[in-house]
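Novice: All chains, full assembly: derive it from the sequences and hints.
Top line first, the protein sequences correspond to chains A and B. Per our numbering, the very first residue in the first sequence carries number 1; after that it's consecutive. Per our numbering, the very first residue in the second sequence carries number 1; after that it's consecutive.
Any given hint could be a false lead.
No distinction is drawn between identical chains; accordingly, a pair holds when it is met within one copy or between any pair of copies.
Taking lysine-lysine pairs in the BS3-like style, the calculated list, with each CA pair at most 30 Å apart, reads [as the list claims (entries may be wrong)]:
| id | residue 1 | residue 2 |
| --- | --- | --- |
| 1 | LYS349 | LYS163 |
| 2 | LYS142 | LYS331 |
| 3 | LYS145 | LYS339 |
| 4 | LYS266 | LYS163 |
| 5 | LYS115 | LYS3 |
| 6 | LYS316 | LYS145 |
| 7 | LYS24 | LYS325 |
| 8 | LYS266 | LYS341 |
No wet-lab data here; the hints were simulated from the structure.
So you can see what is in the structure, the chains are spelled out below.
2 protein chains.
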Amino acid sequence: MSKIGLLGCGTVGTGVYEIINEKKGNFFEENNYKIKKILVRDASRKREGIPGKLLTDNPDDILNDDEISLIVAVMGSYEQEYPAIKKALQLKKNVVTANKEIISKHMEELLDLAKENGVTILFEASVGGGIPIIESIIDTIKINKINKVQGILNGTTNFILSKMTKEELDFDEVLKVAQDMGFAEADPTADVDGFDISRKLTILSSLCYGAYIDNDDIYTRTVRNITLSDIQAADDFGYVFKYMAESELYDDNTFGASVTPVLIGKDSVTSNVNDEYNVVSINGNIIGQLSFLGRGAGKEATANAVVADVIKVLTKSVHDYTHLKFENEYKSCGIERYKNKFYLRVSIKDEVEFAKTIDIVYRNIENVNLSYEDGKVFLITDELTGEFMSTLCDRLSHVTEDVFYARIIDNIL
Amino acid sequence: MSKIGLLGCGTVGTGVYEIINEKKGNFFEENNYKIKKILVRDASRKREGIPGKLLTDNPDDILNDDEISLIVAVMGSYEQEYPAIKKALQLKKNVVTANKEIISKHMEELLDLAKENGVTILFEASVGGGIPIIESIIDTIKINKINKVQGILNGTTNFILSKMTKEELDFDEVLKVAQDMGFAEADPTADVDGFDISRKLTILSSLCYGAYIDNDDIYTRTVRNITLSDIQAADDFGYVFKYMAESELYDDNTFGASVTPVLIGKDSVTSNVNDEYNVVSINGNIIGQLSFLGRGAGKEATANAVVADVIKVLTKSVHDYTHLKFENEYKSCGIERYKNKFYLRVSIKDEVEFAKTIDIVYRNIENVNLSYEDGKVFLITDELTGEFMSTLCDRLSHVTEDVFYARIIDNIL
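Specialist: Take a look at the structure:
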């Protein structure tokens, strides 16, 4: 008999408990699969709908219980969950987790440990909430060589950008609303500065390319610097802003990976992925582009993904996660040498700054689509290398401190 | 040792052969899985890259070969494949097929037959080409109750509508181009009159609702009647035309299912799904909306889906297809009693017809957004029942024969 141990009873943990215990002849009731113990910080505190005898504050009550063959780790704490997951695997228990920090840092190690012990570790909920992207990648790489991953992978920042666009508000205003709604953390750094997204991109890219893609090799820029005037200028040029995670494998065995604000055409599918929705696109040499769209976070979506993994373990219909290889070695080439169109905004105080800006721009770039409004110069360039663009922005920053630029992605679905 | 028998060596069959025989240490080479025999109409005709000794024109050479444990049926012929698939299952061979006609008519029977014989039948490629939608549905219904399916499920008609919109061409012009490009059949009936889509909707809906949804219960209207003037009028009103497959379960155990031209808002994701791309969206009570987007047809996409199924059979990592139940009984309630906004175009010859049209419209509908151009009245209504709308169109057809209407879907992602 397979019993389940749950580490964590926060939002996702409660969601998992509810789905598993929702009666009406569901899979768990039919097969008599039950949650036997739940690890919480304070076992004396009552939890609505959950029997007190299930609760414990001692991880060993779960890890050392031979009847428990499956650990569901949804505490969201790196420090507590990482040792618990390792121990569980060593004790030959299967593991399902939603912890993207642990998976982005230790995927290979944990998969190896699982393999050694004849068990498995699944982590669908670590990226893209309810979107079944991990399994889709595992399936796709059996036949295809994937050379590109693109995605909107963070609900909080996508919500902020969508609301800025729709309601013509500035970044800080919307961030405050999102915080009041519980949509953004009090300390929003992980979301708005791209660390959360970059972890997810590490996981996706490593799986897609069969090579460990280090977090440090992902060029990451904050989304904080997008102003309402940028969004309106982009709109006039026919684009919308998105906070995009991207990685691409090139023919010379190098890769580029980035988490940056970008502009994409309004006639693309991706441009209309708004609010809390996430989208992940992969590019296979046979299948072409596949895109997956759904709620990227939230109690229900994440709990759904966790429980789907649990069912896979219990029915043994698990794809070969433990046989994944990360043997390929690719070098990061940054994103500086590849050509893109760029959007550029330069704030100017007076005619002198205006003249200097225009001078630098026209001396350096051939084809420019330029407009001026409210003390700001907005422009769209032709294709330039990232290297060229950052040199140009360096020069402009001697004229004024307020220079902002972003890549334009034209070939997106 | 598992050997594979291939029924059919047309476009998809050739694609399957190529993927399986593409060396460089792929899954098939590594595990020594091979295609042993290929059924073709004329075994004496040479085929580029395929050894002549593999070919046979006698199905029994494959079906009666005990070494062959898996049949891949990609002839695309109902008459030849249906008996071959049945016989294969009875002989305890697994089956992978892309034939949507067979699956839409006999899914339940064939799954039962597979179960009786301890084998399985997979059919991912029967809907949505390379999009892994069948497996995603099977996974989703383990946890969710799905109450809605929506999709653009036919590449040919989506290509036609996209091209009409982008290049301002009329339906017949684009159809001819599509035929010249080999994108549309010489007899395009199955595509443009909705029969192809309706079969796919039968398969998806039956899986989602656990009930056999009969093809006859799907209200199907041709896409032929959309004119360039309709597309331009829709654009002015803020919409685009799509040929949409939809089914929905209602609380009173009834369902509505349709394949019809519809108008959807330009700010939706679905409105930007163009050309040969397909999209399928499902709605689960826990997961919310999930959408899957990719190439809906073509050699590579379809062959990819077939081979993915083949790998699932060979690695026994098959989800429980043969345990699917179709025991629920829902009655079709048509699509007439539910409320929608509608788009309406009435062509008029003279002032008398104009006056009569306006009179009927304003007498019957309260809020109307109306425009007039080149002898045509275009309008968008408030929410009305389908029943009311068809009565109204009946009345208008006494004024002029050329009346066209389409539902507007507002709540689409």
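Novice: Evaluate each hint against the coordinates.
Specialist: Status of each hint after checking the structure:
no.: 1; hint: LYS349 <-> LYS163; verdict: within (29 Å within a copy, 47 Å between copies)
no.: 2; hint: LYS142 <-> LYS331; verdict: within (23 Å within a copy, 41 Å between copies)
no.: 3; hint: LYS145 <-> LYS339; verdict: within (24 Å within a copy, 47 Å between copies)
no.: 4; hint: LYS266 <-> LYS163; verdict: both (16 Å within a copy, 18 Å between copies)
no.: 5; hint: LYS115 <-> LYS3; verdict: both (21 Å within a copy, 29 Å between copies)
no.: 6; hint: LYS316 <-> LYS145; verdict: both (27 Å within a copy, 23 Å between copies)
no.: 7; hint: LYS24 <-> LYS325; verdict: between (41 Å within a copy, 16 Å between copies)
no.: 8; hint: LYS266 <-> LYS341; verdict: both (16 Å within a copy, 25 Å between copies)
Against the hints set out earlier in the document, no violation occurs for any number.
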